[in-house]
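Residues per chain, in single letters:
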Amino acid sequence: MVVAAFTWTEFAQQLAAGIREGSIYAGLALALVIIYRSTRVINFAQGEMATFTTFIAWSLMNHGLSFWTAFPIVLAIAFVGGVGIERILIRPVENASVLTIVIVTLGLALLLNGLMSMIWGGQNRQFHGPFSTRTIDVGGVPISVQDIGIVVTSLALVLLLALFFRYTKLGLALRAAAVNPDSSRLVGVRVGWMLALGWGIAAVLGAVAGMMIAPVVFLDPNMMQTILLYAFAAAVLGGLDSPVGAVVGGILLGVTITLLGRYVEFIGSTLKLPAALMLILVLLLVRPGGLFGKVAVRRV
Amino acid sequence: MSLLELRDVEARYGPVKALHGVTLSVDEGELVAVLGANGAGKTTTLRAVSGTVKRDGELTFSGARLPRRAEATARAGIAHVPEGRGTFSELSVWENLRLGAYTRRRGNVKEDAARVFNYFPRLEERRDQQAGTLSGGEQQMLALGRAIMARPRLLLLDEPSLGLAPLLVTEIFRVLATMKSEEGISVLVVEQNANLALAHASRAYVLEVGRVVVDGTSDELRKNESVRKSYLGY
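Protein sequences appear in the order of chains A and B. Using the working numbering, you'd call the opening residue of the first sequence number 1 and step up by one each time. Using the working numbering, you'd call the opening residue of the second sequence number 1001 and step up by one each time.
Please keep in mind that the hints were generated in silico from the structure rather than gathered at the bench. Honestly, I wouldn't trust all of these hints.
What the hints assert, rightly or not - Heads up, simulated SDA-like pairs for lysine to any residue below, C-alpha to C-alpha not over 20 Å straight-line:
hint : chain 1 : residue 1 : chain 2 : residue 2
1    : A       : Lys-169   : B       : Lys-1054
2    : A       : Lys-169   : B       : Glu-1030
3    : A       : Lys-169   : B       : Glu-1208
4    : A       : Lys-169   : B       : Thr-1217
5    : B       : Lys-1229  : B       : Glu-1208
6    : A       : Lys-272   : A       : Gly-261
7    : B       : Lys-1054  : A       : Lys-272
8    : A       : Lys-169   : B       : Lys-1180
9    : B       : Lys-1110  : B       : Thr-1133
10   : B       : Lys-1180  : B       : Thr-1217
11   : B       : Lys-1054  : A       : Ala-96
12   : B       : Lys-1110  : A       : Tyr-167
13   : B       : Lys-1017  : B       : Ala-1064
14   : A       : Lys-169   : B       : Glu-1028
15   : A       : Lys-169   : B       : Arg-1075
16   : B       : Lys-1054  : B       : Glu-1010
17   : A       : Lys-169   : B       : Arg-1105
18   : A       : Lys-169   : B       : Arg-1098
19   : B       : Lys-1054  : A       : Glu-94
20   : A       : Lys-169   : B       : Val-1109
21   : B       : Lys-1180  : B       : Ser-1161
22   : B       : Lys-1054  : A       : Asn-95
23   : B       : Lys-1110  : A       : Gly-171
24   : A       : Lys-169   : B       : His-1200
25   : B       : Lys-1180  : B       : Arg-1211
26   : B       : Lys-1054  : A       : Arg-190
27   : B       : Lys-1110  : B       : Pro-1121
28   : B       : Lys-1054  : A       : Asp-182
29   : A       : Lys-169   : A       : Glu-94
30   : B       : Lys-1180  : B       : His-1200
31   : A       : Lys-169   : B       : Pro-1121
32   : A       : Lys-169   : B       : Lys-1017
33   : B       : Lys-1180  : B       : Glu-1010
34   : B       : Lys-1110  : A       : Thr-168
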């Protein structure tokens, strides 16, 4: 394989593609972090939850709804579904060991994957996204409208969530329940419901990531599996405890692997994932908590 | 009628029984102390009230049965400042105070915060600081401030003097007295330092191995020979 000569225009395009990939990882990584912070568990079903809701969007659009009409409906379904999953499946094992909960999320992933094959079949489907694939000129660099749309939509959701967590009473209660459930109960926060709400928010993040990436790849029940691996990597990179880290880690990872895949000949497109994991391994040797994972200072 | 009444309350941690039938009461606007050695069940008594330990027996709060869940107890108007103060160390001072007001539907958070800052000016200086970086004394102030924000009718206070310099302890008890008189908050305080507790409480209960062994007004307890020898040290 011959790598073509380096041009800044192409570099900028690769960068844009990397940010687009990264914003998908960021959304999914943020979903993982939100659940991890409150339950100390990695939700292995996050990818299938996202794909499932994307299939619902596909069905709605097949029934004649436009993307932007289906979008809020799917988000509402995702939210209710996420809350429901926590109440029905996670609640009964809430006080069990971490391993037990992990197994439950793995089982949920298998269950959802099977359900998707049963309802929608296993074949690839084309998902028509809301953004056109034609390119526009951004400072002399042709970038596709779709890439810009994906980044803007994903990051707008992240920003919205950040404002919600920072400035609303409910957002504050969600954070409090995650860091200190016992004290939260003492101030009257219904901690159990906060966990469920966290699952709902995570499901919404997943649904957006799914609906954004489906037009780029093809929609099938396994669509999110590789993406989820990158999202895990992004979350670990940023620090599993840090929402900001998840977003930064996601973008950073997307850009790094896209550029590596393009400019480092022996990596190409086949060795992207191992290369990403290698990088993270090296980083974790230097910073075991990830980029933003920090231990709270405590004085007593 | 008492604000809080406990009758034959038992509590257990798994198979271990920590309270063997505690009976006590707190009247409206009263500061009541619970004294006793380590492991006597003082902390457990508070936890039985706030619903953070498995308990049995009759517990009433302003005439109604006390709810079993901690969240519901907080909503009923009981603020518990637990052992170790229970501050949200990763959140800022201001966020801690906002959380204190979580159960309130109405009322101005800023106004209440102003009252808290009036009691503890130090907290205002540290408004945006992470609570975990405060000194022990400041954390105790924050814990009390958070409790004030809830506008509770009853405050449960666990060892407020623990690990604090004498000057700070004096300040904290001064604020407690003001809170009691100005806000009409009743207080049930657990304290190792019996002299200190009796100086501020109108009545006290002495616990030994999960039972009340002596109770009475602070004056009566100070005159009680065995209380004096075991807890007051003279």
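Verification of the hints:
no., hint, verdict
1, Lys-169(A) - Lys-1054(B), "30 Å, violated"
2, Lys-169(A) - Glu-1030(B), "32 Å, violated"
3, Lys-169(A) - Glu-1208(B), "42 Å, violated"
4, Lys-169(A) - Thr-1217(B), "42 Å, violated"
5, Lys-1229(B) - Glu-1208(B), "15 Å, holds"
6, Lys-272(A) - Gly-261(A), "6 Å, holds"
7, Lys-1054(B) - Lys-272(A), "53 Å, violated"
8, Lys-169(A) - Lys-1180(B), "28 Å, violated"
9, Lys-1110(B) - Thr-1133(B), "23 Å, violated"
10, Lys-1180(B) - Thr-1217(B), "18 Å, holds"
11, Lys-1054(B) - Ala-96(A), "19 Å, holds"
12, Lys-1110(B) - Tyr-167(A), "14 Å, holds"
13, Lys-1017(B) - Ala-1064(B), "26 Å, violated"
14, Lys-169(A) - Glu-1028(B), "31 Å, violated"
15, Lys-169(A) - Arg-1075(B), "16 Å, holds"
16, Lys-1054(B) - Glu-1010(B), "9 Å, holds"
17, Lys-169(A) - Arg-1105(B), "11 Å, holds"
18, Lys-169(A) - Arg-1098(B), "8 Å, holds"
19, Lys-1054(B) - Glu-94(A), "18 Å, holds"
20, Lys-169(A) - Val-1109(B), "11 Å, holds"
21, Lys-1180(B) - Ser-1161(B), "18 Å, holds"
22, Lys-1054(B) - Asn-95(A), "16 Å, holds"
23, Lys-1110(B) - Gly-171(A), "18 Å, holds"
24, Lys-169(A) - His-1200(B), "36 Å, violated"
25, Lys-1180(B) - Arg-1211(B), "27 Å, violated"
26, Lys-1054(B) - Arg-190(A), "18 Å, holds"
27, Lys-1110(B) - Pro-1121(B), "15 Å, holds"
28, Lys-1054(B) - Asp-182(A), "15 Å, holds"
29, Lys-169(A) - Glu-94(A), "25 Å, violated"
30, Lys-1180(B) - His-1200(B), "11 Å, holds"
31, Lys-169(A) - Pro-1121(B), "24 Å, violated"
32, Lys-169(A) - Lys-1017(B), "38 Å, violated"
33, Lys-1180(B) - Glu-1010(B), "29 Å, violated"
34, Lys-1110(B) - Thr-168(A), "15 Å, holds"
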